[in-house]
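S.K.: Chain C is already provided as a structure; the job is to place chain D on it using the hints.
So you can see what is in the structure, the chains are spelled out below.
Protein chains: 2
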Amino acid sequence: MQHLLTGIRMLDFTRALAGPTCTRMFAEMGAEVIKVESAPGGEMGRSISKSCNVSKSGSERSLYYIQQNLNKKSLCIDFGSPAAMDLLRELVPHCDVVVENFRPGVIAQLGFGYEELKRLRPDIILCSISAMGQRGPLAQRPGYDYIAQAYSGITSMIGEPAQAPSIPLAAVGDISTGVHGAFGVAAALLHRARTGQGQWLDIALLDAYYHYHEVSVHQCSASGGAIQPSRAGRQMSYVCPAGVFKVRGGYIILMAFMHHWADLCRAMERPDLEQDPRYVNDTERLARRDEVVAIIEGWLERFADANAAVAYLESFDVPCAPVLNIAQTLKHPHLVERGTVRTVKDRLAGEFQMPGMPIKTSGYPANNELQAPLLGEH
Amino acid sequence: MQHLLTGIRMLDFTRALAGPTCTRMFAEMGAEVIKVESAPGGEMGRSISKSCNVSKSGSERSLYYIQQNLNKKSLCIDFGSPAAMDLLRELVPHCDVVVENFRPGVIAQLGFGYEELKRLRPDIILCSISAMGQRGPLAQRPGYDYIAQAYSGITSMIGEPAQAPSIPLAAVGDISTGVHGAFGVAAALLHRARTGQGQWLDIALLDAYYHYHEVSVHQCSASGGAIQPSRAGRQMSYVCPAGVFKVRGGYIILMAFMHHWADLCRAMERPDLEQDPRYVNDTERLARRDEVVAIIEGWLERFADANAAVAYLESFDVPCAPVLNIAQTLKHPHLVERGTVRTVKDRLAGEFQMPGMPIKTSGYPANNELQAPLLGEH
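Order-wise, the sequence lines are chains C and D. Each step along the first sequence adds one to the number in my numbering, with nothing skipped, and position 325 is 325. If you want my numbering, it's the 1-based position in the second sequence plus 378.
Rather than coming from a laboratory, the hints here were simulated on the basis of the structure. No incorrect hints appear here.
Computed footprint of chain C on chain D, listed as stretches where at least three residues anywhere in the stretch have a Cβ under 8 Å from a Cβ of chain C:
| id | segment |
| --- | --- |
| 1 | 530 to 537 |
| 2 | 627 to 640 |
| 3 | 702 to 714 |
All C-beta atoms, glycine included, are put in the ideal place defined by N, C-alpha and C.
With the rest of the complex left out, here is chain C (with noise of 0.2 Å):
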C-alpha cells in the first residue's frame, strides 16, 4: 500500500486507545505495524462494544478494536515463553520503532525497555504512552482518561459553575495523545535520517490534556490567583454572548460577541440593543449575561428548530451551528461528503460506520478497505 508512510516498519505493544491510535494513523497512511498481542485472547480492546455488533455474521467481533486497529498485523504470543521473546528479539532489528503504553517500567521488565531495545538495533525510537509520563511522584497512577484529566485541570473547566463538574462521554484525552505520540515518532523518524540516532519518547496523557490550556494557565499565573479560570456551564466566561442557546427542540452554539453582537442586533430586528450602553460591548454584556441569554432564547422561540434558527442567523453572518447529536452526525451531507464520518466494511462484523482518518492529504484518496487483524492472523 503506497502512502505517506509506506516503508517504515513499527512493533506495536499498545493496549485499549492511545497507544492503539498512535500506531493505527501510522497502519493508515501505509506503515507496517506488527501488533503484539498476549495469547489467548489478545489484548483487552477486544472486549469492548462487542454487545451492539448486530452483524450479519453473528460473530462476536469487537467494532472498538476493529476501529482502532485497521490495517495493522496481528502477532499472538505468550508473554511467559522464552521462545516468543526470542522472536520479538529477532524482529526488533528490522523495525525502526516501537511503540507501548503499559505502566511505566513494565516494558523494560519485559525485556524491551530503551536500553536493551537500543542493544538490539542502536537507532531504534521507543515512544512510551502513559496516563502520567515516564517519570515523576505521579508516573505509578493507573491509565485511566479521567484520571490524567482530573489532575489537569481540564475536568474543573467543564460544568455548570455551582454544580460538580461534568466528564465529556468522548475520548479527547486517549485519542489527542496518540496523535502527539505520532506526531513526535514521525519527527524522531526525521532527526534519525540526518543525523543516524535514536530516540526515547515519553508521552502522557496529563501533558496533552494540559497542552489544551489556552488561556487558564498564564492568566491563572501572571495574575498571581487574582483570575482564578473555573468552569462556566454552556457560555463562554470573557466574552458574550458565546456558547450554547436553546431553541425548540434542541440547541444551537451562538457565537455574537463583539463585533458579531451588530450582526445578532440586526437578525433580531432590535436595533435598540446595538445602541443600548447596557450592551455596548463584551465586559458590559458579560455583566448582564443572564439577561443577554434570556433576550436571546426568547427572540429564538419564534423558529421551528435548530437548523430554522441557524439557516436564519447565517443569513446576517452570525457564526453558529446546530448541537448535533451523534445520530444526526452519521447522515449529515457535509461529514459523509468529507469522509469525517466513513462506512467500512469488516470481513467478519460487516458494514458500519466509524470516525474518518482525520489528516487528508492531496497525494492519497481515502481508502475505505482497510480491514482490522484477526487475532495471530499474521
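M.R.: Just chain D, lined up with the frame of chain C:
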C-alpha cells in the same frame, strides 16, 4: 538550536490558535518558522490576554501570543503591497513547508494557493487548517472551535442529560487540530524525503473533534440507531461506578467499575456490597447508578478533603484522582517536575507559567529560554 526538527524551514501564515499550535510545535523542536504578520498590528492573537498582564515592564504584551508563538521569527508586511508579495514569493523556494489557517480559498486569493506554491517550489508541502475543511457544503462556516464542536456531535456528549450541554473552557479542538496538522506535515516531510514529492494537507477541527468518538459513532451506526449515545453528566454511561464524586470541599474522579468494585468495597469495609446481587456487575450497578453514587458519596463524607480521600483509596488500589483547579495545577509537584507546567521568562512580560511542550524526548531536554518574537523583529 539543535532539536528533532532542526534544518526544516516553515513559512507561517497562521493566526490565533490551531495554526499557530502546529507551527509552534515545529519551532519548539528546532525548525526555523517565519511567521508572516499583517501590518500594522500583527496577528489577532496579539490582542488577547493583555488585560491580565501584570508585567513588571508595564508593557501591554499579550501572554496568549507568547504562549502560541515561542521560538518563531516575525516578519511584518503589508498584504496590500506588491513589493511585500514579491518578497514572500522570493521566500517560498527557501521553505520546506507553508502553513495557513485562513478561511478556505483566502490563501489562493492572496496568491499562495497550492498550485501557485508548486510553481515556486515543486516539492512544497502546504498544510491548510480550517474549522470544517477545504471542501464540502459547510466549508465556508466561520472558524470558531465551538462551531466545529457542535457539528461533530462532541458538544452533545457533555453535560447533564436533561439540561443544555456544557462547553469545555479549554481549546480541546484548536490545540488538538494543530497537533494533527503537525503530524501530517512531519509525515509529508518523510514522504518527500523518499519520493521527492510535495503534498497539500487538509486538516479540519471538525475531523479532529470527530476523531475523539472512540465508541459512540460505531455503536449508534451498528445498532441501527437502537443505541443513541448522549451526555450523562458526571458519570460514564456504560460502566459503573466511574465518574465525578463529591467530597468535602471539592470533587474526585473515582473509577471503580469491573474488578475495581471489589477493591472499593474493601476500602469501604463493605463486604456485603461485593456479594450483593444488586451490585454484582456493571450492568446491575448501572441500573441502580443513583443508589451506587449515594452510597459512595455518603461514605466519602468521612474524609477531610479530596487529597485525604484519594490517599486512602489509593492504598486499596482503587483508581482515583482529585479534580484539581487551575491554581492547584500550577504548584503540583508532579506537574512542575515533569514540565507539564513550565515557567517562561519573556523579555517584556516577565516571568509566568504556561503549559509545557507535550513531546518529551530523551535527546533534547526542555528548553525554557525560548522567546516569542516582537512584531516584525526579524
